[in-house]
Amino acid sequence: MAADWLGSLVSINCGPTLGVYQGEVSSVDQSSQTISLRQPFHNGIKCPVPEVTFSAIDIKELKILNIKTGNARTTSSAPTKVNSTPLAVPKDDPRSVEKLNSPQHCSKSYGDRHLDIPGQPKGFRRRHNSWSSSSRGVNQVTPKKNGVKNGQMKHRDDECFGDGVDDGLDTDFDFEGNLALFDKAAVFSEIDISERRNGARSRGTPQDQTPSRYRHDENILEAKPIVYRQITVPQPGAKEYCTDSGLVVPSITYELHKRLLSVAERHGLSLERRLEMTGICASQMALTLLGGPNRFTPKNLHQRPTVALLCGPHVQGAQGISCGRHLANHEVEVILFLPNFVKMLESVTSEVTLFSKTGGKQVSSIKDLPDTPVDLIINCLDCHENTFLMDQPWYQAAADWANQNRAPVLSLDPPVSGQGQAVEAKWSLSLCLPLPLAEGAGRVYLCDIGIPRQVFQEVGIKYHSPFGCKFVIPLHSA
Numbered sequence: 011m012a013a014d015w016l017g018s019l020v021s022i023n024c025g026p027t028l029g030v031y032q033g034e035v036s037s038v039d040q041s042s043q044t045i046s047l048r049q050p051f052h053n054g055i056k057c058p059v060p061e062v063t064f065s066a067i068d069i070k071e072l073k074i075l076n077i078k079t080g081n082a083r084t085t086s087s088a089p090t091k092v093n094s095t096p097l098a099v100p101k102d103d104p105r106s107v108e109k110l111n112s113p114q115h116c117s118k119s120y121g122d123r124h125l126d127i128p129g130q131p132k133g134f135r136r137r138h139n140s141w142s143s144s145s146r147g148v149n150q151v152t153p154k155k156n157g158v159k160n161g162q163m164k165h166r167d168d169e170c171f172g173d174g175v176d177d178g179l180d181t182d183f184d185f186e187g188n189l190a191l192f193d194k195a196a197v198f199s200e201i202d203i204s205e206r207r208n209g210a211r212s213r214g215t216p217q218d219q220t221p222s223r224y225r226h227d228e229n230i231l232e233a234k235p236i237v238y239r240q241i242t243v244p245q246p247g248a249k250e251y252c253t254d255s256g257l258v259v260p261s262i263t264y265e266l267h268k269r270l271l272s273v274a275e276r277h278g279l280s281l282e283r284r285l286e287m288t289g290i291c292a293s294q295m296a297l298t299l300l301g302g303p304n305r306f307t308p309k310n311l312h313q314r315p316t317v318a319l320l321c322g323p324h325v326q327g328a329q330g331i332s333c334g335r336h337l338a339n340h341e342v343e344v345i346l347f348l349p350n351f352v353k354m355l356e357s358v359t360s361e362v363t364l365f366s367k368t369g370g371k372q373v374s375s376i377k378d379l380p381d382t383p384v385d386l387i388i389n390c391l392d393c394h395e396n397t398f399l400m401d402q403p404w405y406q407a408a409a410d411w412a413n414q415n416r417a418p419v420l421s422l423d424p425p426v427s428g429q430g431q432a433v434e435a436k437w438s439l440s441l442c443l444p445l446p447l448a449e450g451a452g453r454v455y456l457c458d459i460g461i462p463r464q465v466f467q468e469v470g471i472k473y474h475s476p477f478g479c480k481f482v483i484p485l486h487s488a
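Note that our numbering has the sequence shown beginning at 11, numbered continuously upward.
Hints are not guaranteed to be accurate.
The list that follows gives simulated cross-link-like pairs (lysine-lysine, DSS-like), each with its CA atoms no further than 25 Å apart [as the list claims (entries may be wrong)]: (1) LYS268 / LYS353; (2) LYS436 / LYS234; (3) LYS472 / LYS249; (4) LYS353 / LYS371; (5) LYS480 / LYS234; (6) LYS377 / LYS249; (7) LYS249 / LYS480; (8) LYS367 / LYS353; (9) LYS234 / LYS249; (10) LYS436 / LYS480; (11) LYS377 / LYS353; (12) LYS268 / LYS472; (13) LYS249 / LYS268.
Distance windows between CB atoms, simulated [said to hold, decoys possible]: (14) ALA190 / GLU71: 50 to 60 Å; (15) ARG416 / LEU311: 20 to 30 Å; (16) GLU200 / GLU61: 58 to 68 Å; (17) SER360 / LYS436: 41 to 51 Å; (18) GLY460 / PRO308: 28 to 38 Å; (19) VAL352 / PRO308: 41 to 51 Å; (20) TYR224 / PHE306: 35 to 45 Å; (21) VAL352 / ARG225: 53 to 63 Å; (22) LYS234 / THR263: 29 to 39 Å; (23) VAL237 / GLN414: 46 to 56 Å.
Honestly, the hints are just simulated from the structure, not real lab data.
Idealized CB from N, CA, C, for every residue including glycine.
Modelling step: build the complete structure from the supplied sequences, incorporating the hints.
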């Protein structure tokens with residue numbers, strides 16, 4: 011019967027003189043009425059001797075903490091003549107008081123049992139779950155801030171931070187062994203079967219996958235097929251262009267272009283509105299060619315760009331003057347060349363009046379144009395109908411100056427390829443739909459002047475805007 015209690019954890023109260031002992035029952039002698047504890051603790055401090063024997067006459071109270079049944083220990087709830095309240099250490103004992111109903115004081119790990127040194131103070135006792143204490147030696151300790159008081163070092167009581175963890179933390183986790191238990195192929199197979207069953211797209215195993223690469227502007231979601239020819243004209247011109255996104259923009263003849271503008275004017279898009287819209291689009295393109303935000307900053311006010319406007323006495327010239335007015339409003343030094351005529355179009359006269367209010371310079375002679383290269387030349391000398399202007403002396407003189415100035419040329423609303431151009435342009439800006447331009451027109455751009463879709467339909471053009479979020483887009487030869 012006494013052998014059933016071997017290995018159990020007990021707490022023995024021997025009164026205020028001898029104190030309280032805790033430990034594991036190693037032997038029970040019924041004849042001599044004695045009980046022995048191995049690895050005993052006296053008032054919460056490990057005893058220097060490995061075993062202590064008690065006589066029945068010295069025991070005031072015996073409390074069973076854990077009962078060993080077979081190979082396992084269970085917390086005792088059997089009816090024993092013990093007090094359920096924690097036992098208190100006498101007040102005259104200077105050592106710290108510990109609760110005796112906690113199994114932490116006796117269930118120490120293997121390393122703690124063998125590293126404890128007899129007579130070692132409690133402050134040096136090793137913590138169960140402290141990373142810092144595991145890296146320190148037995149005789150090393152981190153003292154408190156107030157290190158020395160009355161010649162004795164105060165040390166942190168690491169025992170209060172322990173959680174009773176056994177030596178299982180000393181065993182390394184077997185990553186390779188656990189990874190070998192995971193069957194990746196079987197898991198992917200189950201995922202594919204479940205997705206096929208639910209009608210979802212199969213991922214496939216890594217061997218079956220065919221990697222697809224997408225550009226930053228491509229959508230991985232399936233969409234409707236793109237129709238690139240969204241503009242059709244009844245009388246296609248000699249050339250076709252395409253935008254950066256691939257949309258086809260056909261050219262139209264000058265007769266269809268003239269009829270389109272006439273219908274738009276009849277519906278309310280007057281010449282003044284068209285001139286204003288053309289001037290805004292042309293000035294935005296010119297500002298971009300001049301450097302854009304990198305040049306037009308408050309720090310570069312001392313380096314104002316210079317633009318020379320070469321205009322004739324026609325609608326194309328009025329469009330150029332409107333562009334020069336907007337450029338002058340954006341702190342660009344504009345020099346307007348316009349020959350003197352006794353009678354000019356009313357639209358040209360009104361645009362010149364507005365331009366004069368901007369502070370821009372207007373000249374009528376080629377001699378007054380600068381001898382040094384300017385930043386940009388905007389050519390508005392050509393007209394769609396009056397080709398005889400090319401024989402005028404002022405026209406030839408202005409064209410020779412532009413070719414000798416070595417500045418890049420932007421041609422605004424140039425004529426069709428059959429008429430010829432005296433000034434070779436680097437860029438050309440067409441309105442609404444392009445005309446079949448010559449090779450000397452340079453890179454072609456297209457601007458939106460605000461013609462509604464039903465106006466295009468009225469002249470027989472199936473139209474869908476190719477501009478997107480912009481008002482000026484580049485065109486490429488298809």
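Going down the list of hints, with the structure as the test:
This hinted pair checks out: LYS268 and LYS353 have alpha carbons roughly 24 Å apart, not beyond 25 Å. Between LYS436 and LYS234 the alpha-carbon distance is near 38 Å, which puts this suggested pair outside the 25 Å criterion. For the proposed pair LYS472 and LYS249, the alpha carbon gap of about 17 Å is at most 25 Å, so the pair holds. Distance check on the hinted pair: LYS353 and LYS371 sit about 21 Å apart at the alpha-carbon level, within 25 Å; holds.
At most 25 Å may separate the alpha-carbon atoms for a hinted pair to count; LYS480 and LYS234 meet this at roughly 24 Å. For the proposed pair LYS377 and LYS249, the alpha carbon gap of about 39 Å is over 25 Å, so the pair is violated. With a C-alpha separation of about 23 Å, the suggested pair LYS249 and LYS480 falls inside the 25 Å cut-off, and the hint holds. Taken as a hint, the LYS367 and LYS353 pair is honoured in the structure, with Cα atoms around 21 Å apart against an allowance of 25 Å.
With a CA separation close to 28 Å, the supplied pair LYS234 and LYS249 exceeds the 25 Å bound. With a C-alpha separation of about 21 Å, the suggested pair LYS436 and LYS480 falls inside the 25 Å cut-off, and the hint holds. About 23 Å separates the Cα atoms of LYS377 and LYS353, which keeps this hinted pair within 25 Å; it holds. Simply put, LYS268 and LYS472 have alpha-carbon atoms about 17 Å apart, close enough for the 25 Å limit, and the pair holds.
A threshold of 25 Å between alpha carbons decides the hint, and for LYS249 with LYS268 the separation of about 18 Å falls inside it, so the pair holds. Hint check: ALA190 to GLU71, Cβ distance near 55 Å, so the stated range 50 to 60 Å holds. Distance hint for ARG416 and LEU311: a CB-CB separation of about 26 Å, consistent with the stated range 20 to 30 Å. For the pair GLU200 and GLU61, the beta carbons lie near 59 Å from each other, so the given range of 58 to 68 Å is met.
Here the CB-CB span from SER360 to LYS436 is close to 30 Å, at odds with the stated 41 to 51 Å. Between GLY460 and PRO308 the Cβ separation comes to about 33 Å, which falls inside the hinted range of 28 to 38 Å. For VAL352 paired with PRO308, a C-beta distance near 44 Å keeps the hint of 41 to 51 Å intact. For TYR224 paired with PHE306, a C-beta distance near 36 Å keeps the hint of 35 to 45 Å intact.
Evaluation of the 53 to 63 Å hint for VAL352 and ARG225 yields a pass: the beta carbon distance comes to about 59 Å. Separation of LYS234 from THR263 is about 33 Å and conforms to the stated range, judged on CB atoms against 29 to 39 Å. Checked against the given bound of 46 to 56 Å, the beta carbons of VAL237 and GLN414, roughly 47 Å apart, stay inside it.
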